[in-house]
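Trainee: Chain A is already provided as a structure; the job is to place chain B on it using the hints.
Number of protein chains: 2
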Amino acid sequence: MDEKLKFIKNNHCVKIQTKITELLNIDLPIIQAGMVWCSGWKLASAVSNAGGLGVIGSGSMSVDILEEHIIKCKSATNNPFAVNLPLMYKHINQQIDLIIKHKVPVVITSAGNPSTYTSIFKEAGITVIHVVSSTKFALKAQAASVDAIVAEGFEAGGHNGRDETTTLCLLQEVVDAVNIPVIAAGGIGSGNAILAALSLGAEAVQIGTLFASCEESSANENFKQALIQVKEGDTKLVMKQLTPVRLLKNAFFEKIDKAESEGKTVEELREILGKGRAKKGIFEGDLIDGELEIGQISSKINKILSAKELINQLLQEFDLSLQKIKHLPVIY
Amino acid sequence: MDEKLKFIKNNHCVKIQTKITELLNIDLPIIQAGMVWCSGWKLASAVSNAGGLGVIGSGSMSVDILEEHIIKCKSATNNPFAVNLPLMYKHINQQIDLIIKHKVPVVITSAGNPSTYTSIFKEAGITVIHVVSSTKFALKAQAASVDAIVAEGFEAGGHNGRDETTTLCLLQEVVDAVNIPVIAAGGIGSGNAILAALSLGAEAVQIGTLFASCEESSANENFKQALIQVKEGDTKLVMKQLTPVRLLKNAFFEKIDKAESEGKTVEELREILGKGRAKKGIFEGDLIDGELEIGQISSKINKILSAKELINQLLQEFDLSLQKIKHLPVIY
Chain A
1 MDEKLKFIKN
11 NHCVKIQTKI
21 TELLNIDLPI
31 IQAGMVWCSG
41 WKLASAVSNA
51 GGLGVIGSGS
61 MSVDILEEHI
71 IKCKSATNNP
81 FAVNLPLMYK
91 HINQQIDLII
101 KHKVPVVITS
111 AGNPSTYTSI
121 FKEAGITVIH
131 VVSSTKFALK
141 AQAASVDAIV
151 AEGFEAGGHN
161 GRDETTTLCL
171 LQEVVDAVNI
181 PVIAAGGIGS
191 GNAILAALSL
201 GAEAVQIGTL
211 FASCEESSAN
221 ENFKQALIQV
231 KEGDTKLVMK
241 QLTPVRLLKN
251 AFFEKIDKAE
261 SEGKTVEELR
271 EILGKGRAKK
281 GIFEGDLIDG
291 ELEIGQISSK
301 INKILSAKEL
311 INQLLQEFDL
321 SLQKIKHLPV
331 IY
Chain B
1 MDEKLKFIKN
11 NHCVKIQTKI
21 TELLNIDLPI
31 IQAGMVWCSG
41 WKLASAVSNA
51 GGLGVIGSGS
61 MSVDILEEHI
71 IKCKSATNNP
81 FAVNLPLMYK
91 HINQQIDLII
101 KHKVPVVITS
111 AGNPSTYTSI
121 FKEAGITVIH
131 VVSSTKFALK
141 AQAASVDAIV
151 AEGFEAGGHN
161 GRDETTTLCL
171 LQEVVDAVNI
181 PVIAAGGIGS
191 GNAILAALSL
201 GAEAVQIGTL
211 FASCEESSAN
221 ENFKQALIQV
231 KEGDTKLVMK
241 QLTPVRLLKN
251 AFFEKIDKAE
261 SEGKTVEELR
271 EILGKGRAKK
281 GIFEGDLIDG
291 ELEIGQISSK
301 INKILSAKEL
311 INQLLQEFDL
321 SLQKIKHLPV
331 IY
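Protein chains in written order, with our numbering: chain A, 1 to 332; chain B, 1 to 332.
If we strip away everything but chain A, and leave its shape as in the complex, we get:
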């Protein structure tokens, strides 16, 4: 390694300015994904304190628990943070009231129609970002006046789009189609991938899988240890007849995957799934019968780091990759 690269390796960048960092008033174009059973106030505040945007995932929280997490997050960081809000949940109106009451600066909406709620947040001065898996939905979100979109590809963990469009393909379409900033999600597992996303025209990345394995993640230790062992090919998108979801392969996965390939009906699949399986797997650590939502890029996890350590590692990789690209011999 030459002296210049050595310097960068030990002194990674502290600020990368993009339209998203300006919109959200943060230092780094790194957004932590809201994830069920992983992203409470501990993870969110750690990410925000490290210069990214921490996100409380309300999908696995009751209204009371969400309020507790918002209050704790505010006291643990002075930096902006967000709440991720699946729009199809039953307590949606109470959750919205809470977010407005506590002046949460950013809301990331998903799993639902952004046109119903975006204006409520915007009137309260809250920045709205909506998660999509296709250009069609990106255009709908833009029409609903959201401030930015997260474009999430097939390789992402958890619930996923039906078109199976990968992050690489989706970005090439969506960045051209909309004129609001795009955040790349799905498969971001290194600083190189952050630079790749920016090369594709994204203004930031959203990272779920890597943060799920962090010290501050609420996931069960069993689940985190399992993530260290994941190899390429160990996750798969299943339950395509219900809501497609990417899972780590385990006994439960095999059961539902087999049922699906045998042509079982939606009702039969729903019965096999039952209730509370993600909690059982991710939060309670049942690696056999639990539903282990995680992305393809979990194969890159080889150590449990703090959110700060993970971000530092990503920035070092980003710097090295950026230097290499800046010095690429291109002749005109």
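Please keep in mind that the hints were generated in silico from the structure rather than gathered at the bench.
Quick caveat, the model's predicted, so the values are computed rather than measured.
One or more of the hints may lead you astray.
One copy or two, it doesn't matter: identical chains are merged, so the pair holds either way.
[Said to hold, decoys possible] Using 30 Å as the maximum straight-line C-alpha spacing, the simulated DSS-like pairs for lysine-lysine come out as follows:
id	residue 1	residue 2
1	Lys236	Lys255
2	Lys324	Lys303
3	Lys224	Lys103
4	Lys324	Lys74
5	Lys240	Lys136
6	Lys224	Lys136
Mentor: Only chain B this time, still in chain A's reference frame:
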């Protein structure tokens, strides 16, 4: 657009130097994929003449036809070109003899074990590149002493790996795992994507889908016109119980997809597939009953260009993206 960008827009780069351009003695890190019924001598020589590496796809050729294409390609370009060779085909030994006899400078092997044939080519002074869809197979190819690998992700057209690892995820794994140069394939549909691939540590890209639609492609005009109409979500990976293949959705696709989701046996699926369907679709232009192999990124095709025009467009996009990345405000 500022003056500098305007200049670049009209005067794109003519040379991008990487380990792969040095290995292959070409100007641009752009390799055209060998594709059944698309990539004969016309497309291959056009790509090589434009500074990339043109590739004759032998998968749909008899031994005599392959020889004819090699001879015509040599007379149509003075630049290096390659033959793509699926290793499981029955005339493999005669094809190898031909490639050596005509001193084809590069061979790209796929669909088979590289340890059987690599040494034969290397002894004849031929550069060997092997196509893989996983890090496991990349390591095997490296152990077989190939000179470089193509790492091809889930979004690629045609035959595909079983793990469903996307190009973005695969590159992040494979580049760290091997010490030979890696060529990114699957989902490369713009100059931005070329820069993204280089950011991820690839030394070149392999592009299939975009070249399949070019003027010089042997594909039927019906097929090319269909490619212009493709929208996001119009392709899908099917026949997972036989050999997974990404197809454009048409009547044949619906038939086999339905059969698969109903849990039909391998034998039943094979009967539905029958023989010669790719030829019927791609070469004869039967858009109803043909097997239309194409990648997800076909949604980016909106005009039939010559190979030279396509490459120029990619280079212009690459330049713009590179300038943006070079000027990214990063603070240390």
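Trainee: Hints first: check each against the structure and report whether it holds.
Mentor: Each hint tested on the structure:
1. Proximity of Lys236 and Lys255 under a CA criterion of 30 Å is satisfied in both settings, with 13 Å inside one chain copy and 24 Å between copies.
2. In this assembly of identical chains, the alpha carbons of Lys324 and Lys303 lie at most 30 Å apart only when taken from the same copy (26 Å versus 34 Å across copies).
3. For the homomeric pair Lys224 and Lys103, neither the shortest alpha-carbon distance inside one copy (32 Å) nor that between copies (53 Å) is at most 30 Å.
4. For the identical chains of this complex, Lys324 and Lys74 are neighbours neither inside a copy (39 Å) nor across copies (35 Å), given an alpha-carbon limit of 30 Å.
5. Taking the shortest Cα distances, Lys240 and Lys136 sit within 30 Å of each other both inside one copy (20 Å) and across copies (28 Å).
6. In the homo-oligomer, the alpha carbons of Lys224 and Lys136 lie at most 30 Å apart only across protomers (24 Å), although the nearest pairing inside one protomer, at 35 Å, exceeds that limit.
The structure shown violates the earlier hints numbered 3, 4.
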